[in-house]
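*Asks:* Residues 48 to 550 (my numbering) make up the sequence shown, in order.
Below, a list of computed lysine-lysine pairs in the DSSO-like style, where the Cα atoms sit at most 27 Å apart: (1) 364 with 528; (2) 367 with 528; (3) 528 with 483.
Ranges of calculated distance between the beta carbons of each label pair, as one might list FRET restraints: (4) 326 with 406: 53 to 59 Å; (5) 526 with 430: 18 to 24 Å; (6) 323 with 536: 39 to 45 Å.
Hints are computed from structural coordinates only; laboratory data are not their basis.
Computed from a predicted structure; not experimentally measured.
We put the CB at the ideal spot given by N, CA and C, even for glycine.
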Amino acid sequence: MVLFATLGIAGTVACNRTPPPEPTEKSSPAEPADAAIAPVEPPEDAQTDASIVYNQTAEGIPVTTLYPETMTVTSNRSGDGIEIFFTFKPQGNALDNAEVGIFLPEGAATADEIEALVRGPNGLLDSNGWTPTGEGDLAEFPYDWVEMAIAFNTEREESGYVLLGQAEGQAIQAILRYPTAMPDAYWPAARAILDNLEFGPTFLGAEASEQSAMAIVALADTEWRLVEIQSMSEEIGTIRPDDPSLYIMRLNADGTVNMRLNCNRANGTWSAEPSDDDSNGRFQFGPLATTKALCPAPSLDERIAADAGYIRSYLLKEGKLYLSLFADGGIYAWEPIDVVRFQTEPDAQLEAAILEVSPDYITEIGEFGSGPARYIYSRGDLNGDGIDETLVLLMGPFFCGTGGCNLLLFTEADGEYTLVNNFPISRAPLIVSAEKTEGWNDLIRLESGGGVEPAYIRHTFDGDRYVEQERLPVDPAPEGKQYLAGDVTFNNGIPLKPQNRSN
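Given only the sequences and the hints, what does the whole structure look like? Please build it.
*Replies:* Shown next as structure tokens:
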């Protein structure tokens, strides 16, 4: 795609404009802000003429401008969008850390779409520890694309502005950061860049069917468990869920996504567009429909649901999936889950076996509350004999308590089921370890709720049945293949009709 023709750029800019005044608060426009440190004179060798052309349109970056010889420039295009940073050549003073940054975020068209990502919790200002000090005067930034000017200070005695706006249907963010004591040395160079800044059409949101197909190969029909949330703020640091199994994400091949967020569920859509290969690129969630139950603290459900709309890129590295928020707002790290999803096709012989080992589940009490109990099941060969065993999770008030539900393990031969174990207060999914005892894979089940500290319970086979061997911490989650995986809810189960007392 041709981005735009060569832009007509003025040769030299007269850099005699004064720095913007200190901002005023939104609530009191007439009140002056705290007095700034008195400006100092720029260095004698400071260059104020913009004589170097920045033009990387051939590289797919639709931005052109001029900048002075005292600065250098770096630019990058990634799944997050396009970023360009102009920084001063080292002079051995505080100006070495000053910058003019231009960012075109992936998937955003207006300033309103990115404002919350700058002002909000874990946004650009918050994550960098920058303190907003008010609204800048837009008259000091007389550019067609500027719609907002947010002033800030830093703990490093720096001042600055975040400019937000749009051009050519693309949202734009600019960061202007400089030493509070050196505005006269900073603003001539910054003004030169801003005065000559022009934007052309961008193909950030363009579809690429071939690349989308690559994304399907890499991410579709995968299931992930949350490992941690990495914040860019040292004060916040890294957040890890107490029980990673409560935060599960499934990316379906049809473009839908299903999430377990602690006691809540979320469903929506996802899309991805790789860069040069399928290990990284653009990633976005569509609107998520989320249940609104109040989960026991501490819970990350509300944070994940709120952040999902701001995910802009993905990276597959060393087996993990990293989803990055816009504007360095943070990174969600997920680990893959090797799963066998539960089945919901009724099995009459299996139901008969369940009722046989549940003699107290009768009509008079079996329809208590929400009606008959329900069940789900998964099958897998646990002892290497070539015949699948069947794991059954029973759901409903009769079979469940606050700590979990009954989990049954059956062997099967010629259509006849035989009970091996009944595990009480269990939760899905069940982890089947690669380690074996007496020829059977070890089983690891989760216990949580009901006042019990969450823990994984490892069971080993003793020749006749599984017995409890040890309790394991929930972090890190044990390795193994997960059975009874998926969005396990009562409504997704198979109705189990209770038996008559006369039977």
